[in-house]
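Undergrad: Residue strings, one per chain:
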Amino acid sequence: MDNTRHISSSNGPVDPAVAGLMEGEQTFETVSERLASIVLRQDKHKLPWWIMLGIGFVMYNLLGIALTKLLLYGVGIWGIDEPVGWGWAIINFVWWIGIGHAGTLISAFLLLMRQNWRNSINRFAEAMTIFAVLCAGIYPVFHTGRPWCAYWLFPYPNILGMWPGWRSPLLWDVFAVSTYASVSILFWLIGLIPDFATLRDRAENVVVKKTYGVLSLGWRGAAEHWQRYETASLILAGISTPLVLSVHSIISFDFSIGIVPGWHTAISPPYFVAGALYAGFAMVIILAVPLRKWYHLEDYITPKHMDWCAKLMLTSGLVVLYGYMSECFFSYLSGNHIEIRMMELRQFGPYGAAYWFLILCNGVIPQLLWIPKVRFHNGWLFFISVVVSIGMWLERYVIVVVSLTRDFLPSSWGYFAPTIWDILMYAGTIGQFIFLFFMFVRVMPMINIFEMRELVHKTHGHVHSSAEEHSAATPVSLPAQPAE
Amino acid sequence: MSRIYGLVAEFDTAEALLRGAEAAREAGYRRVEAYSPFPVHGMAEVLEHDDPRLPWAVFIMGVIGCATGFGLESWTAVINYPFNIGGKPTFSWPNFIPVAYELTILFSAFTAGLSMLVLNGLPRYHHSIFNTPRFERASSDLFFLCIEARDAKYDPEETAHFLENLGAQLVSEVEK
Amino acid sequence: MVNNSGFPKLLTRIGIVGPVFAVIGLVLLLAGSGGGVSQFYHAWINGWIFWMSLSTGCFGLMMLGAMVRAQWVQPLQRFFEAGAWNYALLAILFVPIIVAAATNHLFPWAHPVQVAADPILAYRSHWFNTPFLTVRTYLMFTVFLVFIRMLIKVGKVQDEHPDIPTRLKAGSLRASIAAPGFLIMVLLITLGVTDWIMSLDPHWYSTMYGFLFLIGAGLAAMTFGVILASQMAIENEEPFKELVTRQMTRDWGNLLLMMTMVWAYFSISQYLIYWSGNLPEEVTFYIQRNAGTFAWVTSAIVICQFFLPFLLLLSSRLKRRPNMIRNAAILIFLTRIVEEAWNVVPMFHSWHGADSGLAVQFQGLISYLGAWLLIGGLWLILFTRYLRKGSLVGSPDPQLVEVLEHAH
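Protein chains in written order, with our numbering: chain V, 1 to 484; chain B, 1 to 176; chain W, 1 to 408.
Check the hints yourself; a few may be wrong.
Computed list of chain W residues with no C-beta within reach of chain B, every gap over 12 angstroms [stated by the list, open to error]: (1) G18; (2) R69; (3) N129; (4) P180; (5) V186; (6) L188; (7) R250; (8) N278; (9) T284; (10) T293; (11) S315; (12) R321; (13) W342; (14) L365; (15) I381.
BS3-like cross-link-like pairs, simulated, lysine-lysine; straight-line CA separation at most 27 angstroms [to be verified]: (16) V:K293 / V:K46; (17) B:K153 / B:K176; (18) V:K373 / W:K169; (19) V:K293 / V:K311; (20) V:K311 / V:K458; (21) V:K209 / B:K176; (22) W:K169 / W:K9; (23) V:K458 / V:K293; (24) V:K373 / W:K389; (25) W:K389 / V:K311; (26) W:K169 / V:K304; (27) W:K389 / W:K153; (28) V:K210 / B:K176.
Hints were generated in silico from the structure; no laboratory data involved. Owing to the predicted nature of the structure, the values given are computational and were not obtained by experimental measurement. Even for Gly, the Cβ is constructed at its ideal location relative to N, Cα and C.
Extracted from the complex, chain V is given alone in its bound form:
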C-alpha cells in the first residue's frame, strides 16, 4: 500500500462536501477503467460471484416450485385460514417493498439535498429497489388466488360494466406499486444512459459494443443534452421523493383505513415509511459490505459512505421506535378497552415473544450505532443490518397476525402458523433477489461512472483552482493538499 493513499486531513483540509468520498489516486481514466472493467471483463468476477449466483439460482428455483404448486392447488397450501386471511404473503409483500424504498430515497432525496456521497451507492441501491419491488409484486398477485385475472384490478371498460372500487386501499396499492415500479425503472435507466455510452466506447467485443451502443441510445455527451439531462434528473428526483412517501403510506392505509384494532391508528403512514427506510438502509449496508470487499471498491465506497448509511438507518430506526412507543402509550392512555386489550395481546399474548424480540432487534440493538466505532466497523454494521432486517420482518408479522387472530367475535378467534409453502416461497423470492442482483453486477456498472468522474472533477477542481499548470490528467491524491 503506497503512502499517498491515505493522506490525512492534517496535511490540509478539503471541502467538507466532498472530503473522504474517494480514496487513492484517482483520475477520470482510473475511475472509468476500474468501474467499467467490472462489467467488461469476466475475470473480475471471481469465486464469490459464482457462489452467490449459484445460491441465488438454486433458491430462485424454489420459487418456481412453490408457484407451480400454488397454481395447481390454490392458496389453501399456505397457512392462511379464517380468521387470519393475510399471512406471509402480505408480510413479505410489505417487507420487500419497504426494502426498496431506501434505494429511491438515496437516489432521489439525497440528489435534491445535493449530498455528494450518494453518488457511489445510488446505482446499486436503485437496482436493489427494482428487484425488491419485483419480489414484492409476486405476493399480492398470487394472493388474489386467481393471478390470471389480476388485470381485473385495473380500470378498463369491460362487458360487465363494472369499475374497480376506488374506496379500497387495496386498489390504491395497485396504482401505487405499479407507478413506483415503473418510475423507479425509468429513473434507473435514465441514470444508466451515460454509463452505457462509456461501456460502448470501451468495449472491445463487437457484440458487446453493439449491445451497449443500442442501450446508450446514441448518447454523445453534448452540453445541450447534459443540460436537459440534469433538469430531468432533478425533476425526477423531486417527483420520486414524494412518491416513496406515498407508496408506503398507501401500504399503511391497507391496515389503518379499516377499523381493526391495532391497525387503525393515525401515525401509521409516517411510521410505516420510516420502517421501510429502516429495512432498506439495512439492506443497502448488507449489500455494500461484501460488494466493496469482493470488487475492491473501498476507494469509492469509503468508510464515510458506510457511516452516512448507518446514521440514516439509525435516524429512521428512531422514528420507528417513536411509533412503537406512541402506539403503546396512546393505547393504554386512550381508555378505550378494545385498544387496551389489543396492546396487551400484542405484548403478553401468544405472540408476545415475537413482539419483544422485534423490540430488541429494532429498538435496542441498533442503538449501538450511536457509537462512532461501530459505524466504522464493517462486521458490526453487517450484523446490525441483519438484525434490523429480521426485526422489520417480525414487526410486520406482529402487526398482521396478532390483530387478525382476534376477530370481533370471540367464537371466531384463532391462530396462525405458516406451512412449508409459505417458507419456500419466501426463500424463493430471496433467491430471485440475489440472482437478479448478481446478474445486474455482471452486466451493468454498479457504481455511477459519470457521477464519479464529476466527483473527481469537484475534488480536483477545488484543489487546483488556482494552479493552472496542473492538468486534469495528472493524478492527484485525494484528499489532497490545498493549493498555496
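Assemble chains B and W onto chain V, guided by the hints.
TA: Leaving out everything else, chains B and W in the frame of chain V:
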C-alpha cells in the same frame, strides 16, 4: 465544403473546455457545442442552453394526470357505476386522493424522462461528431469543443487557428 | 447600555411593537373576558400554545441546524436561539393554566362531576391530574432550558473562538448535544401536546398529533426567521445584505416547500384515516371543524398553507427573489396563527356536545386576540432583548472557514 461537419478541438480538462467555449462565444461563433464525459458546471450558461419547455411539460402533464385520475374515479363511482360500499357517499373524495396522486406522479415522471430524450433527439443511430478522432474517450476523460461548418463565421483556416490558440491538444476537421 | 447604532431598524421596531402589543393585549383580554373566568382561560391557553409552538419550532430548528451544519441556518441562528430561550418566559406564563386546572376549569378531566360521570375520564385521571401535569410540564421546561443553554454556550465558542481547532471541536460537540436533544424534545413535546392540547377534549386522541404539532411549529419558526432575515436583506441591513444570496433564498424556499408538503402529508393522512374509519370518538374532531361556517376556515387553511405556497415555491425563478420568499413566508405564518386556533378553540366546545358554527365557537374573539397579543408582546420584548446582546447572525461553519482560509 458540404462534406465537412465542423472543426473539433480536444481538451483534457473541463476548465479548458469551459474557457474554450466562452472564448468561442465571445469570438462570435454561434454553432458551438461542447462534449464532455460529465455535465460541466456553468457550461449551459455559457452556451445559453436553457429549455423551459421541459419543466413546463412536466407540470402540465402532472395536472392532466391528476385530472385524469380524479375525473375517472368520480365519473365511474358517481355516474357510471354508483355502488354503496360501507355506507360511504358515492362521491368519497378523500378516498379518491391516493389514486389521483399516483397518476399525477406517473404522468409527470414519464413526461420528464421521455421529453428529455425526445427534445435531445435521442435515440439516434449515428451522429457526425462520432467521426472525430479519439471521440470514444469523450465518455471517459477527454473534452471536445466543436464549431460547426454551418456557423456563419466558420472558416476552415481561421477557425482552426482560433481553436489551436485556445490551448487545444488536437484540432481536427470532422467529416459528415 | 449597548450601542444601538448598528441595530437593524426592523428589530428596533419590533422592540417597540412588543410593549404596545402587551398593553393592548392586556386591555383586550380583560375587556373580552367579561363572559367569565373560563373565557379568560380559553383565551390564555390558546395564545400560550401559539407562542409555545413558535419557541418549540425555534428550538427544533436550532438543533437541526447544529446537526446538519447547513448554510441555510446561519442567518437565522440567532433568531432561533432567541426564540428557544423564550421557553423561560413560557414557563412563567404557564402558571395561569395550572391555576385553571387546580380550580376545576379548562380541562374536562379537572371537573370532578364530569369525571365521575365518565368512566374513560375516570380511567385517564391516573395520568391527567393537576399535580402530575404540573410536575411533567416543569420537568420538561427544565430539560429544554438546560439543552438550550448548553447549545447556546457551545455555539458561542464555535462562532467566536479565535482558534479554529477549538471551534471545530465545539462544532462537533454541539452536534452531539443536538442529536439526543432533538430526540428528547420530540418525545417530550408529544407528551406535552397530549397534556396541553389533546386533553382539552375528553376522549379524542391521535397518535399523529405530536408529529403534526412539530411540523406546524417548525413551519411557524422557519417562516418567522425567514420573514425577519429577508426583510432586513431587502432593507439593506448589514450582515443580511450579503448573507441572503440567491442560493440562500433558494434553500429557504425549498425547505419551506418541503415543510408545507410534510404538513399536508401528515394532515391528509390523519384526515383520511379518521374519515374512513368514521368512529364516533375520532371523527368528531373533523365534524366540528367542518360544520357550517367553520368549513370555510378549514378550506382556507388548506389553501393558504399548502396549495398557494406550493405553487409559489415550485418555481425556481420566484425562489431567487427575497421579497417573494418573504411574502410566501408571511402567508404561511399568518395561516399558522389561524390553524393553531383552529386546532385548540373547538376543543373547548366539544364536550358540550354541540357542533356549533364559527360564531358560537369564537365567542369572545376579542379575548382570544387579547391573550395572543399580550403573550406575544412579552415574547417579542424578550426576543429583541436577546438579539441586542450579541452578533445578529451565526458564523459560517468552522469546517468551511478552514477550507476557505487555506484556499486563498
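Undergrad: Could you run down the list of hints and mark each one as holding or not?
TA: So, going through the hints one by one against the coordinates:
The non-interface label for G18 (chain W) is consistent with chain B: the shortest C-beta to C-beta separation is roughly 42 angstroms, beyond 12 angstroms. Taking the minimum C-beta to C-beta distance to chain B, about 23 angstroms, the non-interface status of R69 (chain W) holds against the 12 angstroms cut. Here N129 (chain W) stays apart from chain B, with its beta-carbon at least about 37 angstroms from theirs, past the 12 angstroms limit. P180 (chain W), annotated as away from the interface, keeps every beta carbon of chain B farther than 12 angstroms; the closest lies near 36 angstroms.
Look at V186 (chain W): its CB is around 27 angstroms from the nearest CB on chain B, clear of 12 angstroms, so calling it non-interface holds up. Its beta-carbon lying about 32 angstroms from the closest one in chain B, L188 (chain W) satisfies the requirement of being farther than 12 angstroms from that chain. Every CB of chain B lies more than 12 angstroms from the CB of R250 (chain W), the least distance being 15 angstroms, so the non-interface label holds. Consistency note on N278 (chain W): stated as away from chain B, yet its beta-carbon is not over 12 angstroms from all of that chain's, at 8 angstroms minimum.
Against chain B, the non-interface label of T284 (chain W) holds: every CB pair exceeds 12 angstroms, the least being about 16 angstroms. Non-interface status of T293 (chain W) relative to chain B is upheld: no Cβ of that chain comes within 12 angstroms, the nearest being about 21 angstroms off. Consistency note on S315 (chain W): stated as away from chain B, yet its beta-carbon is not over 12 angstroms from all of that chain's, at 9 angstroms minimum. The beta carbon of R321 (chain W) sits about 18 angstroms from the closest Cβ of chain B, which is more than 12 angstroms, so the claim that it is off the interface holds.
Every CB of chain B is more than 12 angstroms from the CB of W342 (chain W) (nearest about 18 angstroms), matching its label as outside the interface. Here L365 (chain W) stays apart from chain B, with its beta-carbon at least about 30 angstroms from theirs, past the 12 angstroms limit. Residue-level check passed: I381 (chain W) sits 44 angstroms from the nearest beta carbon of chain B, beyond 12 angstroms. Note on K293 (chain V) and K46 (chain V): the hinted pairing holds, with a Cα-Cα distance of about 12 angstroms set against a maximum of 27 angstroms.
A threshold of 27 angstroms between alpha carbons decides the hint, and for K153 (chain B) with K176 (chain B) the separation of about 19 angstroms falls inside it, so the pair holds. For a cut-off of 27 angstroms, the pair hint linking K373 (chain V) to K169 (chain W) stands: about 18 angstroms separates their Cα positions. Taking the CA atoms of K293 (chain V) and K311 (chain V), the gap is about 21 angstroms. The hint holds against a cut of 27 angstroms. Between K311 (chain V) and K458 (chain V), the direct Cα distance comes to roughly 24 angstroms. Compliance with the 27 angstroms bound is thereby established for this hinted pair.
Pair hint K209 (chain V) plus K176 (chain B) holds up; C-alpha atoms about 22 angstroms apart against a cutoff of 27 angstroms. Simply put, K169 (chain W) and K9 (chain W) have alpha-carbon atoms about 35 angstroms apart, too far for the 27 angstroms limit, and the pair is violated. At roughly 26 angstroms between alpha-carbon atoms, K458 (chain V) and K293 (chain V) fall within 27 angstroms of each other, so this suggested pair holds. Of the pairs offered as hints, the one joining K373 (chain V) and K389 (chain W) is violated, with about 40 angstroms between alpha carbons and a cut-off of 27 angstroms exceeded.
Among the hinted pairs, K389 (chain W) with K311 (chain V) is inconsistent with the structure: their alpha-carbon atoms are about 36 angstroms apart, more than 27 angstroms. Taking the CA atoms of K169 (chain W) and K304 (chain V), the gap is near 19 angstroms; set against the 27 angstroms cutoff, the hint holds. For the suggested pair K389 (chain W) and K153 (chain W), the alpha carbons sit about 14 angstroms apart, so the restraint of at most 27 angstroms is met. Restraint check: the Cα-Cα separation between K210 (chain V) and K176 (chain B) comes to about 21 angstroms, which is no more than 27 angstroms; the hinted pair holds.
In the structure shown, a violation is registered for the earlier hints numbered 8, 11, 22, 24, 25, in ascending order.
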